[in-house]
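Visitor: Same order as they appear, the protein sequences are chains H and G.
If you're matching positions, the first sequence starts at 199 in the working numbering and goes up one per residue.
If you're matching positions, the second sequence starts at 13 in the working numbering and goes up one per residue.
Hints should not be assumed to be uniformly reliable.
Distance condition first, Cα-Cα at most 30 angstroms in a straight line; then the derived DSBU-like pairs of lysine-lysine [said to hold, decoys possible]:
hint : chain 1 : residue 1 : chain 2 : residue 2
1    : H       : Lys302    : H       : Lys289
2    : H       : Lys289    : H       : Lys221
3    : H       : Lys262    : H       : Lys221
4    : H       : Lys302    : H       : Lys221
5    : H       : Lys221    : G       : Lys79
6    : H       : Lys262    : H       : Lys418
7    : G       : Lys79     : H       : Lys302
8    : H       : Lys240    : H       : Lys221
9    : G       : Lys79     : H       : Lys289
These are computed hints drawn from the structure, not numbers from a lab.
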Amino acid sequence: MRLGLVIDLDTCVGCHACATACKQWNTSSITAPLTDYDPYGKEPSGVWFNRIRHYEIGDYPNNKTINFPMSCMHCENAECVTVCPTGASYKRPEDGIVLVDQDKCMGCNYCSWACPYGARELDRESGTMKKCTLCVDRIYDEALPPEDRQPACVLACPAHARLFGDLDDPESVTSRAVRERGGYALMPELNYSPTNHYLPPRTRPSIPTSDLPRGSLARKVREWVNRVVER
Amino acid sequence: MNPSLAVIFLTLFSGAGFGLMAMVAVVNDFAIDGALSPLRTAILVALALLLVTMGMVSSTAHLANPKNAWRAFTRWRTSWLAREGVFAVLFYPLAIAYLGWVFFTNSDRDNVALLLGNVTALVGLVTIFCQGMIYACLRTIRQWHTPLVPANFYALGLALGMTVLSTSRLLAHRHDLAMASIACSLLVAAAVMKAIYYFWIGAPSGTTLQTATGFTRGRVRLLDQGHTFGTFLTHEFSNCISPGRALRFKVAVYVLGFLAPIAILLAAAHAGIGFAVLFAPVLAFVGIGLERYLFFVEAQHVVNLYHGRMPGPLPQMHPALRAGAENTARAGKRRLVPSYEER
Ligand code: SF4
Ligand code: SF4
Ligand code: SF4
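Could you build all of it, start to finish, from the sequences and the hints given here?
Guide: Here it is in structure tokens:
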């Protein structure tokens, strides 16, 4: 089994709901707490397992905004585990989830150097490394109804841009999405074989505007002024 | 990368200590210039132990949770950091045994002393190798992922060690040309090796924001990094240095770390300058300490790409963000997150 996430860059609206839900769930979960530093001050910072960045792809007028959530990719070839000297970082053989044993970590930061995806963050208060747990304490929880046995970020996403499943099972929702939508992994050249995949934006024909009525003379003047005058 | 003093001192002092031990063994093996006296051997081995200890102690300062440091030896099968720990710890009993044997038998030329000295030196050299591999094995940092890194650690460690050894002889014997010439050759070799490294990391290559996001057919620019203030990632990885500043540092590395010690050793060996010869190791440590600072601050982790920074020494950001970023770079050091030491 190789559990992981598939993230749909076509529908992600960049609302940070997944990151907030992740923080909410995990701050009282197995590697809790996710410490905040100066949360209400001028320089708020803290530990997060999931971060969303925003990019502009292409050049105007053929550009597009892409919202890009990133959490641990639960790599097949997880160098973060290889380099850990204490054995605190480990990859579970049964489902491929990469975890940090908080009782063994000595806070040397070495694993965060080895992670290309910025998935690991040191908690200064506890002095230990923390990272996405794939909500290991939700997905196997028999007390939850089966439809809730999914990571908090997946359940929270209002755009259904996050899929959770077994990437080893060719018929899982995640594997099918990767197959049908051309899902890809990040930085394949580094050879970490991430489990998480990303679905590229769909290409849609652009909506034609040439057949729209041209409008009044005043509007044409306004458009012309808008084009000529720089703000 | 964050140039934390703990790691700079670790690699600088322990590298010099292991290098010194190795050169003591070499000088005694081949009885270069009549070999070292037992007393001098003992003093130099004690000095090597002191240097290694200074490095090891300062390295624990960068652990956020040092109470678990004893576990750091457990994963020696996969982790170079664990291997470094194992060999560094193995170095102590061997070096102390050698020191004790030489001191109490007052002989560093018998078979037991030679055997102990060489085994100790070998363990030290293996530790330098592990230390270099800690950095060289990281595919995430282009400037470190090169065989030149362990090679440089060797060259610099041996050169520093031999500078210390030669200084100790020059303090006693005025015309000690043999040791000084070996020290100068090692310093020149180390300087050349470092030049190859600086040349090698100069050209940007490899991963870009395009491959990092998978959008390889167009330009990709950062619009927003998603946080208003710094994060662990920006604190740990976003340090950089402008090309001009880096060049000035490199000049200082070559002048203080290599040229000055060579000049002082030559002057001391030919003319005798008394205690002023002590400036040779002191300047070498300062210069190579600067080299170690550059080694960290020039290294750019691939995660910086996601924060909109392209390969190369200076951040290349979305125009809207560039002004602020350049000011930060010029001001030098403002930390994005309050430093971990200020806890
Ligand atoms: S994303 Fe980073 S932390 Fe997660 S498994 Fe891969 S290398 Fe390790
Ligand atoms: S910070 Fe903790 S988990 Fe990471 S390498 Fe060090 S000991 Fe291992
Ligand atoms: S799987 Fe869980 S821990 Fe990982 S990013 Fe989602 S909510 Fe956070």
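Visitor: State for each hint whether it applies.
Guide: Hints, one by one, checked against the model:
1. Lys302(H) x Lys289(H): At roughly 15 angstroms apart (the allowed maximum being 30 angstroms), Lys289(H) and Lys302(H) satisfy the hint.
2. Lys289(H) x Lys221(H): 22 angstroms, holds
3. Lys262(H) x Lys221(H): The hint holds at about 28 angstroms.
4. Lys302(H) x Lys221(H): Status holds; Cα separation ~23 angstroms.
5. Lys221(H) x Lys79(G): With Cα atoms ~27 angstroms apart, Lys221(H) and Lys79(G) stay inside 30 angstroms; holds.
6. Lys262(H) x Lys418(H): 27 angstroms, holds
7. Lys79(G) x Lys302(H): Satisfied, since the Cα-Cα distance of roughly 9 angstroms is no more than 30 angstroms.
8. Lys240(H) x Lys221(H): It holds: about 20 angstroms lies between the C-alpha atoms, which stays within 30 angstroms.
9. Lys79(G) x Lys289(H): Given pair Lys79(G), Lys289(H) holds - Cα atoms ~24 angstroms apart, limit 30 angstroms.
Every hint from the earlier list agrees with this structure, and none is contradicted.
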